[in-house]
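J.: Residues per chain are reported as follows:
There are 4 protein chains.
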Amino acid sequence: MALNKTLRPGLIQVRVLNMEESLNFYVNVLGLNEVGRTSDGRVMLKGYDEFDHHSVVLREADEAGFEYVAFKVDSPETLVNFKTATEAFGYPVDEVPANSDQPGFGKRYGFKLCTGHRIELYAEVELADQRPMVLNPDPWVEMPRGMRAQRFDHVLLYGPNIAEAERYFTEVLGMYAPEICNTPDGKRFATWLTSGNKAHDVALVEYDKPGKMHHFAFLLQDWNEIGNAADVMAKNGVKRDVGPTRHAITRGQTIYMWEPSGNRIETYCGGYTAYPDNPVRVWDVDEIGKGLFYYEGELIPSFLQIVT
Amino acid sequence: MALNKTLRPGLIQVRVLNMEESLNFYVNVLGLNEVGRTSDGRVMLKGYDEFDHHSVVLREADEAGFEYVAFKVDSPETLVNFKTATEAFGYPVDEVPANSDQPGFGKRYGFKLCTGHRIELYAEVELADQRPMVLNPDPWVEMPRGMRAQRFDHVLLYGPNIAEAERYFTEVLGMYAPEICNTPDGKRFATWLTSGNKAHDVALVEYDKPGKMHHFAFLLQDWNEIGNAADVMAKNGVKRDVGPTRHAITRGQTIYMWEPSGNRIETYCGGYTAYPDNPVRVWDVDEIGKGLFYYEGELIPSFLQIVT
Amino acid sequence: MALNKTLRPGLIQVRVLNMEESLNFYVNVLGLNEVGRTSDGRVMLKGYDEFDHHSVVLREADEAGFEYVAFKVDSPETLVNFKTATEAFGYPVDEVPANSDQPGFGKRYGFKLCTGHRIELYAEVELADQRPMVLNPDPWVEMPRGMRAQRFDHVLLYGPNIAEAERYFTEVLGMYAPEICNTPDGKRFATWLTSGNKAHDVALVEYDKPGKMHHFAFLLQDWNEIGNAADVMAKNGVKRDVGPTRHAITRGQTIYMWEPSGNRIETYCGGYTAYPDNPVRVWDVDEIGKGLFYYEGELIPSFLQIVT
Amino acid sequence: MALNKTLRPGLIQVRVLNMEESLNFYVNVLGLNEVGRTSDGRVMLKGYDEFDHHSVVLREADEAGFEYVAFKVDSPETLVNFKTATEAFGYPVDEVPANSDQPGFGKRYGFKLCTGHRIELYAEVELADQRPMVLNPDPWVEMPRGMRAQRFDHVLLYGPNIAEAERYFTEVLGMYAPEICNTPDGKRFATWLTSGNKAHDVALVEYDKPGKMHHFAFLLQDWNEIGNAADVMAKNGVKRDVGPTRHAITRGQTIYMWEPSGNRIETYCGGYTAYPDNPVRVWDVDEIGKGLFYYEGELIPSFLQIVT
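Listed in order, the protein sequences are those of chains A, B, C and D. Quick note on my numbering: the first sequence kicks off at 105 and runs consecutively. Quick note on my numbering: the second sequence kicks off at 105 and runs consecutively. Quick note on my numbering: the third sequence kicks off at 105 and runs consecutively. Quick note on my numbering: the fourth sequence kicks off at 105 and runs consecutively.
There could be a bad hint or two in this list.
Said to hold, decoys possible - Some chain A residues flagged as far from chain C (calculated, every beta-carbon gap over 12 Å):
#1 M237
#2 W327
#3 I330
#4 G401
#5 E402
What the hints assert, rightly or not - Stretch by stretch, here's where chain D covers chain C in the computed footprint (C-beta under 8 Å, at least three residues):
#6 241-253
#7 332-342
Stated by the list, open to error - To give a feel for the contact side, a few chain C residues facing chain A, derived at Cβ under 8 Å:
#8 N328
#9 D345
#10 P348
#11 R350
#12 W362
#13 P364
#14 Y399
Since the hints were made in silico from the structure, they are not lab data. Ideal Cβ placement from N, Cα and C applies to all residues, glycine included.
Starting from the given sequences, assemble the full structure and let the hints guide the process.
T.: Pasting the structure below:
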């Protein structure tokens, strides 16, 4: 049965400058598992608590940055429905065949959002070989490593016309915005969107340059794992951006850091249980410092300026 | 638009033996807020992090125990659809008018599940006066109290024929079971069901007597709050059942204790992010000791025997 | 028997600008208990986990800052021995009679350290009325409040000639330095000194102006209490200086904040178990950024410049 | 200068039934580092946060249990003083030459306490090769493993006439008892003794059989590490005795488990900062259930009965 439901952001592909250096970070420091390599040399990774084939793909390139994020939907019928609705919304859609550039993945539909980002949708993916136990399971198969990242959690994108993008995610993909931020003249400055009970799956900030990524984020268990991540960060010479701190927005606890290529990574935990019937939390843009960095109470300059 | 989606267990009514003693526990120890009293003397309570009018109702009676749990659905249309589908499933449905015995609540539909429990559905409820901030919000309005329970989280019901009940929750209410437990001959012994990304909203255990409650549970933030709850429990002379420990099932961290009337209360946190497309975790009934109490590795005798 | 042992820094007196505003911070936010007021209007405070009469005294004045810190020694004989040894070290000593300006305190000996700070020594003090239980005790009598500060922990003083001051604390008071920081030409830039197994009871940084205080610190239980303190700080509009973060020096976890008068307060936890026979940890002054702020990996400018 | 000060319990030797199985537990599960083997096949171990050559020695034997615990004192002069005082107390003392059966250790003096346990004293030991950093140090050299035990912390001994043993530790070794437990007729039933600011270095329980060990304990960082230890315990099939729970006595947080040979191991954290001038906490023996297991509020039967 097609519930026309988006499940989660299930795949992100980003560019890195040096694969070896990057893998040391993503595997040994952040704690992802390497799933394998594609024929063109990209590296597939996943968190220890994810079932699907892989969730993060690194591509070596001359410039760091975001390539695309793909959302898993609940069924092949929904995938077709969403394709049709995306086209009706006004975005031309292309098709990526199953098991082509993303091993294990079924057919994907892709399009360019008004913000300049490529977004993809898919309904089917093989299970990973290394995945959580399901028969009388232990919490983990092997003791998690480094920062002990559990899964790819969300991405924050910067680009123009996020009001339209928010409309796309809510009207077409059935997501909702637990929190929004408006300028004094009532325009959307930022929005946090989710397809379930997590406080956010994707967030958007209004920005004049298209297609930029602020950060992508990995789920940790709790504030203590934030502390562990901070220790691991410092011990390994990973450059910190902000934190450990709390967001008032989503209420999550967090550290932002720079992976070796300059992409901003967030390790994130907490956040309230979001429901679509709860009132929307609304931020005035001049309170966004408190909203982003509850402890600091003000914006960290790098935070709104550096994107990849 | 009717998504035909269940949001959450939003209301539970239980019987207590002595209201004053109970309120001391629920308000001062567990940390719920008293919302007010009904004309017939029941007391309405809620967690500090809940928006809706109230989520827990205590009724003074000669015997402790469960009266009903009500699930909030995403729209009035869904409510009607679910009523129709419930009847089609074979359960006669009655209607409770809006703002009758549950102040602030819209119309509810109720029925008796095969397990002997009364279940209700509703789509509308007023917001509580004391609710989380929404304009440039702080994480809490007033510092949480006692065990700092955030919200009513789930209920575990004991009764006959849970296989049928599981079918009801999945086929009619659109929930799914991230974990199940089977007997050696393949019969369902227990099932954990959710309508979203929480590991469970309701759980069922096969039991010969109908209409029994094993426990109802409140969400805490994390393992440290479990530690705090344990300190508060001991300091206030609340009788412990089990914990602090971890469930392998749902992976949550937990304490079970007895409120003054003998109803079992769980304070719960953690648990994985559940998705309907992930494989179902399956427990053999002879491994359920590990499943329930991962640290103890075996069943605590009181746990399967005492229900209210 | 005189063990000639210093027990701990047991009393600190500081100046605040506005008593009412200060008490709101120290009592409601930091979580100290008000013990009472002296006849000249100073306010006596203590942590819920301290036995002695009081440990912090606030005096209203036109300028914030440090007045003196007093160390408790193990016996009246030791007090006399330390008085004699202090004079022999070259510091003239004055005597403050018992139960004079510090109610409940026995006789104190005071002197001016080369760094310009007044230091006092005492051996006797009455127990506080509100003190931890001793007969079949619970961990706390009343649930701790606000940031849940347990006790006055240490003070960091800035002034000239700390090499001599370090000699005083070690040779006269029997303390030792688990960590030191030297300039490239081998001069002492900073030193952390303890009389027991805490990583530090007092610390000193070389500074051209005499008699300055960098901060005084209160003990929290662990990293989660640091998180709670940060939430309470933000919720109450307390201005943060640095943190939550970890010191590599002492290994403690910390937040620095400004109380309403501009004195810097630290909430501190963790730190290794210090022993006098363990090797001294040595910091190069150009690594002190990492040493002070392990996560940031660099000095926060305010940190070395603002003192009271 | 001889301060006549005991520093800590620095060495314990215990018997295990099967060395290979034991090492898997102590190294891979508990997280100690193997230092090396003696010529007679004993294995030397230490926590990652200990500086001295080793702190735990396992000897393969037909029966598990305690062999001896050795206390490090602050100087060779103190060692001689303590030897003399021990003999004066009435215990014949033998001498173990430096670098004989305990590689790296200086001369040790040993004797049999009235409780039937061998106790040793030493002043000198070489530093371990694998030890904490001291030049611009990180918190750890390699990320801790398994339960992440930091150091050998204390031992609890069972035997007759602990009142005399307490007198020995206080009068000869200069320790003090922050907590004691008495029978209704005022006899000492249990005592917790420390040489510094830890809540205990050694504890004693009155027992008719001599020379028994209840458990020996390792320091963890905090309650979260207790949670991690519990996960690691369960994942590795280590048999739990009690916990996670809190002691009211010492206020520490704890798990007790059985290592493969049946010796009881505690992983411990927290506990208040002890001072010799603070009032002694006194337990009535019929409250010892609460004292030992604050959450359970009663004795676990195995706890007073099983010793090795």
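J.: Would you mind marking each hint as holding or not holding in the structure?
T.: Okay, the hints, checked on the actual structure:
no., hint, in the structure
1, M237, "holds (29 Å)"
2, W327, "violated (5 Å)"
3, I330, "violated (8 Å)"
4, G401, "violated (6 Å)"
5, E402, "violated (9 Å)"
6, 241-253, "holds (count 3)"
7, 332-342, "violated (count 0)"
8, N328, "holds (6 Å)"
9, D345, "violated (11 Å)"
10, P348, "holds (5 Å)"
11, R350, "holds (7 Å)"
12, W362, "violated (12 Å)"
13, P364, "violated (15 Å)"
14, Y399, "holds (5 Å)"
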